[in-house]
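Place chains S and Y with the ligands on chain F using the hints.
Protein chains in written order, with my numbering: chain F, 1 to 245; chain S, 1 to 161; chain Y, 1 to 431.
Honestly, the hints are just simulated from the structure, not real lab data.
Keep in mind the model is a prediction, meaning the values are calculated, not measured.
For every residue, glycine included, the Cβ atom is placed at its ideal position computed from N, Cα and C.
Careful: at least some of the hints might be erroneous.
Among chain S residues calculated to face chain F with C-beta under 10 Å, some are [as the list claims (entries may be wrong)]: (1) Leu-60; (2) Gly-70; (3) Glu-83.
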Amino acid sequence: MSATDTSRRRFLTGAAAAAAGLAVAPGVFLMPLAQARRAGEPASSDVRWGLLVDTTRCSDGCDACVRACKEENGWEGVGRPRTDAQWIRKVKVRDPRTGHTQSLPLMCQHCKHPPCVDVCPTAASMKRADGIVLVDKHVCIGCRYCMMACPYKARSFIHEDVHDQRAHAPRGKGTVESCTLCVHRVDAGRVPACVEACAAEGGGALVFGDLKDPSSEISRRLAAHGAEEIRADLGLDTGVRYYGI
Amino acid sequence: MRGVTAKTGRALALLALVALGAMARPAAAEVPKPKLPPAKGEKCVEPTEVMRRKHMAYLLHQRDDTLRRGIRGGKYSLRECLECHVTAQPGKPLPTYGSPEHFCSACHRYAAVHIDCFSCHRDRPEPEAARAGGPAPADGLTGRTLPARTLKVLGPVEVKP
Amino acid sequence: MKPHVHFREIEGRSPGYYALLGFLGLLVLAGLVSALYMEIEGHWVTGMSNQVVWGTPHVFAVFLIVAASGALNVASIASVFGRLHYKPLAPLSGLLAIALLVGGLSVLVLDLGRPDRLIVAMTHYNFKSIFAWNIFLYTGFMAIVAAYLWTMMDRMGRPYGKPVGLLAFVWRLVLTTGTGSIFGWLVARQAYDAAIMAPMFIVFSFAYGLAIFLLVLLAAYRWTGRPLGDGLLRRLKNLLGIFAAASLYFVAIFHLTNLYAAEHAGVERFILLDGGVYTALFWGGQVLVGYLLPMAIVFSGLGRSRGWIATAAALVVIGGLAQMYVTIIGGQAYPLILFPGKEVSSSFFDGVVADYAPSLPEVLLGVGGIAIALLGVAVAVRVLRFLPEDLRDELVEAQAAAGGEGGSGTAGGERPGGAAPEAAAAPGSAG
Ligand code: SF4
Ligand code: SF4
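Okay, chain F solo, but in the shape it has when bound (with noise of 0.2 Å):
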């Protein structure tokens, strides 16, 4: 075992001291998920990040994430709606059969092949070792091939000048931008703002963890419960899965 997953381990173990800890201080929670990786130290590929989406507690007319991350990530639109971001939103999914409904948010998927990837030009969508799809806003060129190949219309092309960024989510005209699954959170030990929203104010149905870690939560979860990926017939093996749909 690596020194990275006993150290993860070991945090883990103290993660769920403090949880026991809160049965006797109810009112505080602390959410904590993994260890900030240590300064100077690249992101692992022995690490792959995921979020189950479970749609079962998800309700149609809450958009505490969506409204969490506009605020993490500042991409507050300016009244647009044809051309402003959306880097998360609400879908409703209708069965016309049945007239059974569901609501779920959908935001980049995180895929493991991710054809936004594989068509940039300039490589400015990558994937990070730990499975994180973002786009190099350096060498974006703004040329869109990637919202052309997306298929969950994760991206959004920033349409006109933005400022009062904030500065752990540098975003502005011309380019391309999606979900970076709160890459800067993450890296510091934190669960992305969607999820940490949802549990505060919505249904609880994110669970934010590390897909290759077989005691991590999600990784049980879903081996419990299982989860669909959404147009899984296409092969992307996305970090982002959805349980009840």
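Frame of chain F; chains S and Y with the ligands shown alone:
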């Protein structure tokens, strides 16, 4: 739309000016040295002389390390540059890159070097209140407290060592 | 003295010529100002959005690029397939190929979100990307066609004519395959997910390239008053009819196979039946104007008139633009299928047909691309010997009978004023 046309008009006018300037360049008057606003910190990550000549190389190198390889906590961070160097004059808001009082802007105007950084990056420190998403606490835990209900929802996390 | 086809620069001193340059120049300028405007304001001022990310500029750009490879066809027919009647037309064919490609690429680049980072595109490559491959295909195409022109126009290059011509031909096939694949490989988009896309684009390119070639040829010979044989035109217009028919055939196959695949039924319905403007453009623009009318013209008695031949060619061009519009914009307007068999809705236009209307700057940019190409041709035929000064059928026939030698092969190398037809070449206002 009015603002829009004005903006394009300004750009076109600028273009025309540049073209004119190129045609008939007046005898260069001495450009005054930039007045750099005072920095907050005690000292820079490198001696001033080194920074002056090499800051772009440092930033360029580290940007790839940070973004593409996920290496955090490097020595040269644009964000830290701004934290120290972009300071407010008493009674004024923090200057943006568009203002000659902005640290980066002051020098880059003087040297006539066009930079791209602030077409995407925030050009000044974030206000204290907005820093919840900022640098993580050292212990890797979020500082935010959540209601007890959360625990119920997530279920207890039991992990074997 | 054996009759020769002689090449000579056009005179290019008439007011008409300068008016043409001025007009094209204005269009180019309008295109550039539009690009600047879109660049400064951002793309929100266009019709494009996060649902339709490639708009009218791409329609023009892809059309021009596809037409570019097709324009080279006339030269290939002469050198690769040994149809010597076409040989005198080869230099113009090569020139047009380069010019159209430059025009198309200019539009493509000016429509980028960050055209200022073009240098990045040339220094950072992702070799998995068909786009990055295309960058090489395009630059290689220009270099090879330039070399090909050299073999045609310079005595030194003549011995290499055949192999370079063959290389150019193969390269143009690969190039169009590459362009078609830009769409063909977008598996997630219902409208594009088809292997037939690439060969279909090759057939389209034959038609579009030849149509533009014919228009330029007719205009050039009319405006310079140089003689142009009816026999040559007849061959070319028949070829145009055949290419239009072949395009129609491929389009039919494409839609029929798609209809058989259940997963494509939705998008097929959209394009063929209830897609509104896209359905109208498909049947009225692409099929009727682009294929049926031109075929009717060139294969009927009308095809004997130059005016009608030019009309047919223009219709093919218009139909081609309609085809690109349907393919590129219609393909995006149709929503992505996230949950097959289910209805979806969201704040991000899931499950609804995206609205798109071309904006003025987009159209101006696209037209500017065409103007760039034509301006390039207009200037090039004035400074270099691309155009035979006499294309009467007797001359072309004689030359072809003589094995094509002494014609396009050497004409450029031959010093004008040798056996000089200067006096005979007086007709017309010379442009
Ligand atoms: S969901 Fe789209 S943007 Fe995200 S990795 Fe997959 S293809 Fe790329
Ligand atoms: S828009 Fe940017 S990230 Fe997307 S394919 Fe083009 S260069 Fe790559």
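Q.
Quick check on Glu-83 (chain S) please, does its C-beta sit within 10 Å of some C-beta on chain F?
A. Constraint on Glu-83 (chain S) satisfied, holds at 9 Å.
Q. For the hint on Gly-70 (chain S), does the least C-beta distance to chain F fall short of 10 Å?
A. This interface hint holds because 3 Å falls under the 10 Å limit.
Q. Holds or violated: is the Cβ of Leu-60 (chain S) closer than 10 Å to a Cβ in chain F?
A. Status holds, d = 9 Å.
In the structure shown, no violation is registered for any of the earlier numbered hints.
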